[in-house]
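**Student:** Use the sequences and the hints to build the structure in full.
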Amino acid sequence: MAADILANLNEPQREAVKKTEGPVLVLAGAGSGKTRTIVHRIAYLIHEKNIFPNRIVAVTFTNKAAGEMRQRVLEVAGDAAMSCILKTYHSLGLYLLRELCGYISFPRDFTIWDDTDQNGAINGVLESLSRDKLNKTHIKYFSQKIGSFKDNLISPEQLPEKINLDEIEFGDILQEVYHLYEQKKMDSRAMDFSDLLYQTVKIMENFPESLANFHRRYHYFLVDEYQDTNHSQYTMINLLAKGRNNLCVVGDDDQAIYTWRGANINNILDFNRDFPDAMTVKLEENYRSTQPVLDLANDVINQNKNRMDKALWTQIRDGQKPALYILNSDIDESKQIAAQIENAISSGVAPSEIAVLYRVNSQSRLIEEALLQKKIKYRVYGGVSFFGRKEVKDILAYLRFLVNPFDEAALLRLVNNPPRGIGEKSVERLVEFRNEVMQKERTLSDFLRIFSLIEDSGLNKKAADGISQLFTWMKDMREKIMRKVDFALLIEDVLERSGLKAAIEEEDRLLGTSRMENITELKNSMIFFQRTHPDAVLNDYLQEISLFSNTNDLGEPDDGVCLMTVHNAKGLEFDTVIIAGLDDGIFPHYLAAERDDGEEERRLLYVAITRARRQLFFTRAKRRMMQGFVQTTNPSVFISQINETLWEKNDYSLNQPGFVGYSGSRNNYGEKKAPGSYLQKQNEIIKNKTKNSFNNVIDLNNVNSAQKAGEFRSGDRVRHPNFGVGKIFKIEGSGDAAKVHIFFGDNKSRKFILKYTRLEKA
DNA sequence: CTTGAAGCGATTTTT
DNA sequence: TCGCTTCAAG
103 MAADILANLN EPQREAVKKT EGPVLVLAGA GSGKTRTIVH RIAYLIHEKN
153 IFPNRIVAVT FTNKAAGEMR QRVLEVAGDA AMSCILKTYH SLGLYLLREL
203 CGYISFPRDF TIWDDTDQNG AINGVLESLS RDKLNKTHIK YFSQKIGSFK
253 DNLISPEQLP EKINLDEIEF GDILQEVYHL YEQKKMDSRA MDFSDLLYQT
303 VKIMENFPES LANFHRRYHY FLVDEYQDTN HSQYTMINLL AKGRNNLCVV
353 GDDDQAIYTW RGANINNILD FNRDFPDAMT VKLEENYRST QPVLDLANDV
403 INQNKNRMDK ALWTQIRDGQ KPALYILNSD IDESKQIAAQ IENAISSGVA
453 PSEIAVLYRV NSQSRLIEEA LLQKKIKYRV YGGVSFFGRK EVKDILAYLR
503 FLVNPFDEAA LLRLVNNPPR GIGEKSVERL VEFRNEVMQK ERTLSDFLRI
553 FSLIEDSGLN KKAADGISQL FTWMKDMREK IMRKVDFALL IEDVLERSGL
603 KAAIEEEDRL LGTSRMENIT ELKNSMIFFQ RTHPDAVLND YLQEISLFSN
653 TNDLGEPDDG VCLMTVHNAK GLEFDTVIIA GLDDGIFPHY LAAERDDGEE
703 ERRLLYVAIT RARRQLFFTR AKRRMMQGFV QTTNPSVFIS QINETLWEKN
753 DYSLNQPGFV GYSGSRNNYG EKKAPGSYLQ KQNEIIKNKT KNSFNNVIDL
803 NNVNSAQKAG EFRSGDRVRH PNFGVGKIFK IEGSGDAAKV HIFFGDNKSR
853 KFILKYTRLE KA
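So for the first sequence, the numbering used here puts the first residue at 103; every next one is plus one.
Calculated directly from the structure, the hints in this document are not laboratory data.
Because the structure is a prediction, the values reported are computed rather than measured.
This list has only true hints and no planted wrong ones.
What follows is a list of derived Cβ distance ranges for each label pair: (1) Gly614 with Asn406: 47 to 53 angstroms; (2) Asn110 with Asn315: 34 to 40 angstroms; (3) Glu444 with Pro520: 42 to 48 angstroms; (4) Gln260 with Gly614: 51 to 57 angstroms; (5) Ile478 with Glu646: 29 to 35 angstroms.
Virtual Cβ for every residue (Gly too), placed ideally from N, Cα, C.
**Tutor:** Laid out in structure tokens, this is it:
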């Protein structure tokens, strides 16, 4: 067995596999067999070193990568590998956290809040501070900040010492909002996404015996995509692995594409500092792509200054030259893509070996249409996910509430959905009443009495009736689900009694939607789950799917063309890859310019290119629908930066001088300037960049860099000729084009273009 | 107070 | 296109 395991590896790969004890850093270029190395290392540990599979923990970044790895581990190591712990960071966090809950007397069957739930809760907090009706931007602002604090393991109490609050927007209330949000979440018996790492780390730190326990249990750790770990992920893995120091991390600094989410590339650059006795292995031979594909990839990535030196090479010398197709419109572009796919398929490429990669999810729509027209099977990954659909979330809110009646987010979602006469005011009162009860009734059974106390709540008759009716059957049903229950019957029952069924059917009939089909799909997914997990209770299902909130994947086979964002494609490979939308503003994306020095978008392109084994195509559209308008686009800067000899350019826009496709009411061709040119933004930013030093402060995605526009900066109090005195909340862009968001006394924020606004300091 | 209709505006990347 | 906010009517 051992011979087999080592046989198909090259020298550095074999080294990385055989050095099972102590820390190992594998710097692996794209396509250099990094997953292969991890998989074989696991097999080697099991079969050669006789390690119990359940002592081995392997961590990946995405669900898709985890699934793929599990499959390959089973292929190489056999069924013995079944009991390996093979998870994403978040599912590992959840797995450990359920156990750790005992240390803080928190129920282990907590609810997991997604971003929407989190935003709702933060909104509630802001209202309770009577800063009511802050708009969406503000809620997003607070939730981003809180998320980034947690990603950096900063508790509400630590906030003032770690962050200079004077320099941040709303610094005066940030700590309070953070604290109240945490309170509300705990009261709801819920954890948010960040908690799956944050709480796990905090509890392991505060209760060393819990960590020692894990150290006894888990002996070998493998981490994929190490370049994309953020501080909390990094800390979690390091705490766990410090027990025996058997940590093998694999990554590629050229593929770091998550710094926007707090990933810290220094985690991989400083591995040798954290683990001084680490062995470093470099994998530089690429087994995936042909020379022409690799040449183009190298040409792109070599333009980045800030990178470790690497030289990828391949033995697959021959290959097709990559090609760029320039089209007149995004509609033509999608047709061209469909045609390329048709070609590839007829030349023998399997549809599942073809991928269309794009920068933003919204690009998928037209491509889908073109593929539908040609009757090409496809599958979209990510985007508006199945579990993100309104009707699915609606019904899930009921299920969540049945499991955990403390869950405020679920309550708010379901209470007047479908409409039952409980409007905004009644909800407000209900929540107040609920919080009062919660002060007194700490246990669940006491708390459930809220259902029968509604009459005393001061609600109007209609609302009180609605609520007591609702709660009567829910209380009933809750008793049912405490016992073992058939998921299919349960969801049927909830649909019926909630009135959701009637409401959804009515909507389908009137608007021609097919929401009911999605409900049926949800039901199928629950049935499938119960069949595969016979002992599972409802909350096991709910927790599981909350980590899959970004999938459309409900277990169907992967047999169509893959459509996904470049981010989603990381770690995957395909025979034929088409990269769509090489237009300025799309790729690189105009909103990335504010944060990115230009290199992350380029790394993103590099990741996209290196997904391809044999065929690589790019497309660009001279006009495309953006933000509701058809707009003229400039070529992506990447096009001019790529050496001409490395690809073929086919300008099909010249053959068809007319603008095909757009007709009817939307006719302002080219009238509107493209919303964002990446280049333009970059230049402005470079010009206006103020020098900040971050010596003693953690850089939380630049929380501390107060933005300036002319003489104004965010945080300033200003007087507007029409609206009076307000505070600058946010500044977008700079120079004359800068847009200033000002927050006025009437609790509304308004946006102005600085150039056209007569502002003075107040 | 609640609801439904009409108008509006805004759209990165993900666990 | 779609989801959200705003507005007027019941």
